[in-house]
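J.: Here the structure of chain A is known, so what remains is to put chain B in place on it, guided by the hints.
2 protein chains.
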Amino acid sequence: MKIVMDAHGGDHAPLEIVKGAALAAKEFDATLVLCGREAEIRAAAKEAGVSLDGMEIAPAEDVIGMEDDPVSILKEHAECSMARGLKMVAEGQGDAFLSAGSTGALVVGSRFFVKNMPGIKRAALAPILPSACGRYILADAGANVECRPDFLVKFAIMGSAYMSGILGVENPRVGLLCNGTEEGKGNKLTQEAYELLKAAPIHFVGNLEAREAPLGGCDVLVTDGFTGNIFLKLSEGMGKMVSNGLKTALKKNPVRLLGAALISGGLKEFKKSLDYKETGGAPLLGLRCPVIKAHGSSDAKAIYNAVRQAVHFVRNDVNGRIETMLQQTEQQEKEKE
Amino acid sequence: MKIVMDAHGGDHAPLEIVKGAALAAKEFDATLVLCGREAEIRAAAKEAGVSLDGMEIAPAEDVIGMEDDPVSILKEHAECSMARGLKMVAEGQGDAFLSAGSTGALVVGSRFFVKNMPGIKRAALAPILPSACGRYILADAGANVECRPDFLVKFAIMGSAYMSGILGVENPRVGLLCNGTEEGKGNKLTQEAYELLKAAPIHFVGNLEAREAPLGGCDVLVTDGFTGNIFLKLSEGMGKMVSNGLKTALKKNPVRLLGAALISGGLKEFKKSLDYKETGGAPLLGLRCPVIKAHGSSDAKAIYNAVRQAVHFVRNDVNGRIETMLQQTEQQEKEKE
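Each protein sequence line maps, in turn, to chains A and B.
Everything in the first sequence is counted per my numbering, starting at -6 for the first residue and increasing by one.
Everything in the second sequence is counted per my numbering, starting at -6 for the first residue and increasing by one.
One chain only, chain A, in its complex shape (with noise of 0.2 Å):
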């Protein structure tokens, strides 16, 4: 199995991308094919005192940017290292790609060089995040801001094969994000994809309020990618808030500070509990090869994770069991004709 990665990408590449591919490349039986200026990997390397043994270098000397306008990989910036490793799982030359760059250039390059799975209008960004209970996936965050019903159909299919095929999750319960539970409530959108869920060959579990996800109230998500995004970034913004409070109010004296410590153990064990570095990165489902979003800020662990996840995602044929489902949806279909 090959991985093909982006050196460059993220706030700390490419030094922790070449970390966590370090330790990523002891663990897994996959060989990591780094995209990139190969002279900065090495030096990152070097820094880091770690071996590229094994490794393989795919030379791209240009870099898209978080500034750059996404569509600009398709052009100004098509021979940079995220479409080089794009290009080169499109031509089968790797088995998954993953990212830490530009989301928006990622979803533009993989749409255009990876192209969707046959069946698959929109793929779909979609993180894995933090339940009161264990973990959730939510699609779409942000790839599509504009959907279809049926999208959302697709949607929920795709996030099934992947708590299923990667997380182990039996027969996923699959919420459609609503403002209310009754069928009915919502607006136009989640309305018609309300009935066409509960046609689909998934568990669905109805409409489900934003307040039931993070106490456990489904294992995938649904919804359009405007909402979606709201819902990922806020859901950063209030871990965020909570960790700053909370430090914020425990140094306010002496006796609070010695409690601070007493607890730090608590403390980690919550916030990794909370930590999206645990969970890798958030795949883009429904394309022909996976294609892994690790998050900006990643450091050495999240890298690791992230290709790990790219591993799984491989292994566990997660876009084959995204095709047996969507056959058995137009099975479904056929009959009802």
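In short, the hints are calculated from the structure, not lab data.
It is possible that part of the hints are untrue.
All copies of an identical chain are treated as equivalent in the list; a pair is satisfied when it fits inside any one copy or across any two copies.
Stated by the list, open to error - List time: in silico DSS-like cross-link candidates among lysine-lysine, alpha-carbon distance up to 25 Å:
no. : residue 1 : residue 2
1   : 68        : 178
2   : 19        : 327
3   : 178       : 108
4   : 19        : 181
5   : -5        : 294
6   : 265       : 240
7   : 294       : 68
8   : 327       : 191
9   : 294       : 264
10  : 181       : 245
11  : 108       : 68
12  : 181       : 114
13  : 191       : 329
14  : 265       : 233
T.: Just chain B, lined up with the frame of chain A:
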């Protein structure tokens, strides 16, 4: 000043409503009117050991429940305690109304009985949320699932009037909830609203990502009621998940239990900073008279705070401020023509 209260809405009615009213009656220069079943109200006062002296009771035997269709407040439940209170303020027998009952019924009842201010097509449910550096108002949090761009401009104006009038925020920063900060981001609604907001007599700071709001990125967060409801409910759900998770982590062993005891003051302060009970309720902005929706799980303190909020709403003439800003907008539009 006369504040009319629904004695029966919410999980802890009428006991906590009556207790909250008794606390508020001592503090504020306002007559409180409790709408509902007189016998139950008097029994609650007796149980709580509080006096109803100086308060009035407006009898209403019927109560609209959470499970009732909101629209039934216009028909089967047109004589319920909530409807009675709304009609009283509509008829000038009170200056503001508050209820901890069904949000849907309150929205429908307010629209029908109290009616919108001239120039306002849609009233907005506008809760006050805690941020890392204070508070911000969210409009709309669910009164209008489908919105037009011009509704969002009115939400911005009303939210600004509230934040300056009640919370003393000078020149409140209005952010448009969006999936990215750049102009041109967003869905059709936000893209069109963006242009209108730029021209409105408010301090528009542009598109705002959901993560920035709890970190203090704006004073007024504007969005449609579908997205706003998801935003509000996720804030609540994340708060609960965090608080539960923390509790579990801190109870794991005796050392942590000791530590937790030492920081209990800090934890309380921290929780208080996140607590909706401290902020009062969510005003329904854009009505001819102030209507406040208290949280369904309100205790006496939350009710007390909601009364305070109603008193300030009247005293600081928030509706007058909204009118002035609406006139400015009209003036601007005329000048353009």
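J.: Would you mind marking each hint as holding or not holding in the structure?
T.: Status of each hint after checking the structure:
1. 68 x 178: Answer is between; shortest inter-copy Cα gap is 21 Å, intra-copy 43 Å.
2. 19 x 327: So residue 19 and residue 327 fail the 25 Å test inside a copy (48 Å) and across (70 Å) alike.
3. 178 x 108: between (35 Å within a copy, 24 Å between copies)
4. 19 x 181: neither (50 Å within a copy, 48 Å between copies)
5. -5 x 294: within (20 Å within a copy, 60 Å between copies)
6. 265 x 240: both (16 Å within a copy, 15 Å between copies)
7. 294 x 68: Classified as neither; 33 Å inside a copy, 60 Å across copies.
8. 327 x 191: within (17 Å within a copy, 51 Å between copies)
9. 294 x 264: Classified as within: same-chain Cα gap 15 Å, cross-chain 31 Å, threshold 25 Å.
10. 181 x 245: This pair counts as neither: shortest intra-copy Cα distance 49 Å, inter-copy 47 Å.
11. 108 x 68: Within. Shortest intra-copy distance 17 Å satisfies the 25 Å Cα cut-off; inter-copy 55 Å does not.
12. 181 x 114: Both: 20 Å inside a chain and 20 Å across chains, each within 25 Å.
13. 191 x 329: Answer is within: at 14 Å inside a copy they meet the 25 Å cutoff, but 51 Å across does not.
14. 265 x 233: Classified as both: same-chain Cα gap 13 Å, cross-chain 17 Å, threshold 25 Å.
The earlier numbered hints that this structure contradicts are 2, 4, 7 and 10.
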